[in-house]
Amino acid sequence: MNHWVLLPVLLPALIAPLIVIATRFDIVLTRVFSVLSLVLLVIISAILVGQAFDGSITSYELGNWAAPFGIVLVLDRLSAILVLLTSVVGLFVLLYALNGWDRRGQHFHALYQFQLMGINGAFLTGDLFNLFVFFEVLLIASYGLMVHGGGALRVKAGVQYVVANIVGAGLFLFAVGLIYGVTGTLNMADIAMAVKEIPASDQALLQTGGLLLLIVFAMKAALVPVQFWLPGTYTNAPAPVAALFAVMTKVGAYAIIRVFTLIFGGEAGESSWLAAPWLLPSAMVTLAIGAIGVLAARSLGQMVSFAVVASMGTLLIAVGVFSPSAMAAALYYMLHSTLAAAALFLIADLVTERRARHADILSVAPRFMQAGLVSALFFIAAIAMVGMPPLSGFVGKLLILDGLRAEPGAMWIWALILVSSLLLIVGFSRAGSILFWKSAAQEGRVLARLRPRAVPFVATGGLLASIVLLTVFAGPVMVFLEATALQIFNPGDYQSAVLLGESGGTH
Amino acid sequence: MEFLVSSAVGVMAASGIYLILRARTFSVVLGLTMLSYAVNVFLFSMGRLAVNRPAVIAEQALGYSDPLPQALVLTAIVIGFGMTAVVVVMALRAYLESDTDHVDIQVIPQKRGEQ
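Chains as they are written, first to last, in the numbering used here: chain A, 187 to 693; chain B, 265 to 379.
Keep in mind that the hints were calculated from the coordinates and are not lab data.
These numbers come from a predicted model, not from an experiment.
Check the hints yourself; a few may be wrong.
[Stated by the list, open to error] Short derived list, chain A residues pointing at chain B, Cβ under 7 Å:
no., residue
1, G367
2, L686
3, E688
[Claimed, not checked] Rough simulated footprint, nothing fancy, chain A against chain B, three-plus residues with beta-carbon under 8 Å:
no., segment
4, 288-301
5, 313-321
6, 338-344
7, 349-358
[What the hints assert, rightly or not] Computed from the model, here is a short list of chain A residues facing chain B with C-beta under 10 Å:
no., residue
8, G363
9, V368
10, Q628
Ideal Cβ positions, reconstructed from N, Cα and C, are used throughout, including at glycine.
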């Protein structure tokens, strides 16, 4: 059997206890192991993308228990590309954290590894209850990371975050229970087979379960009306953690894509396209709220948080119409928005630590250290985030607009996306001109006790370089993502790979 | 039995939700616990309610109850227990650092935490 599929989960799961037990008192060794793990993860996930490249779907049976009785990990194009995205963002964000953030509290690196284990597991698992378990793994690590460094405000925001997510976990269990009660299985491919033959009397239970799942995933993806936790959490979280959390919203988006195309997709009989009537309107409101929030934000961190909400809205609008061309565009935008959001959170922290008591509040303050360099980074990242040419945000939004062209009501969706982009541009240029331009014209300098180092700039620059690469190679990437979307909308391949063990997909 | 179990799930979930919506962390923690109890009983009943049936192979058994929900409940209990511990510790720390046990961020008195 091909064991590569297990490695993105296994490697961080082994490194984390090693860090806790063996290298706890040696920060250098801890950092070496942590970075080494991430470098290996990038290599492994690149190999996995290569493995899924030709459309083959690998099903890995844990403990060699045959599906649907045992738990399976499934590697297809979608999960492979998202694991790669996680590793790349994880590596750069970790490099940034080496600049002191990792020493402001206990066990940063171990929690970071557990977080990656949970995220990778959620992307790879083919079992609904196992998805719940990996959600809990990534959440419990994120609780620790969220309050890393302490502080009253941060811990308060942390409590809200934990409470919201525990309620979400409860809903998840209700949903899993309902679906299991009706279909009698937890393997996602097997559930997909079972829902075709659910009698009409059980349809209500099944659909209730499905929609409860939608609420849970929407909460992770920060979709209205359950987006309320995100701005407070991301604004108050330590910067590298907020940057890593940019991947976490994508776990929600991934779960929506997976469950509502595989299980409640076109072949689910009466429950076909269960999410469609809810997802699109909700995503549109999310985009509007995100864009308005960007205008209303009082600090750079808060503004980036609302920009994340807006980007999730854009992404899920494209997912919500459930068509292959829009899905490919959505996946491209997902890669782009994760990188851009992570970069912006890091830049917000660069600003915060240089402006001393002014932090990242949007107010005019005297000139700070390295203002030119930081403002250049902000300029690039903001252009990417708001979707102006020439970077990938523009390409992504263009693809989404193009993918939505055939939809009913496309006019309204276009108008919403374009107007909200304008609001984002206004918000970000206002922030940029206050923080950098007007402040640069002030007399004097802010004195920050800070030794400038190269590592944070390498980390932020790495993320921005990834955005540039994503723009330059948009053609080949889109070819891959269109194939991915085709695979998503042909769930038969996934089912036969898991249940019959046929790895060669026809799509 | 069906009525008893279903009303137990309903009452626990309802009181859990009511408590979660309170403003102080202690009642919120209690509410989360109630909700997780409701979830556990609900999961358990999803394997269908049956009396006197073994979950694993027995010689004189006439039928079996579904063992899978019982395994799921065990996992859910363990995770729920761990999560409750986490939220208690965090609520305590939030109380100690901000001198108030309000869940709301706005109520923090002047003492603002460092960024």
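Please count how many residues of the segment 338-344 of chain B have a CB within 8 Å of a CB from chain A and say whether that reaches 3. Satisfied; 4 residues make the cut.
According to a criterion of three or more residues whose C-beta lies within less than 8 Å of a C-beta of chain A, is the segment 288-301 of chain B covered? holds (count 5)
Do the numbers back the hint for V368/A, that is, is its least Cβ distance to chain B under 10 Å? Status holds, d = 9 Å.
Chain B contact restraint for G367/A - C-beta distance below 7 Å: holds (4 Å)
Check whether three or more residues of the segment 313-321 of chain B sit with their beta carbon closer than 8 Å to a beta carbon of chain A. violated (count 0)
For the hint on L686/A, just tell me whether its beta-carbon gets within less than 7 Å of chain B. Violated, about 22 Å.
Proposed interface contact between Q628/A and chain B, which counts if any beta carbon pair is under 10 Å: violated (21 Å)
Under 10 Å is the threshold here; is the Cβ of G363/A close enough to any Cβ of chain B for the hint to stand? holds (4 Å)
When the nearest CB of chain B is found for E688/A, is that gap smaller than 7 Å? For E688/A, the interface hint is violated, since the closest Cβ of chain B sits about 26 Å away, which is over 7 Å.
Can you confirm whether chain A covers the segment 349-358 of chain B, using C-beta to C-beta distances below 8 Å and requiring at least three such residues? Per the Cβ count (6), the hint holds.
When the structure is compared with the earlier hints, violations turn up for hints 2, 3, 5 and 10 and for no others.
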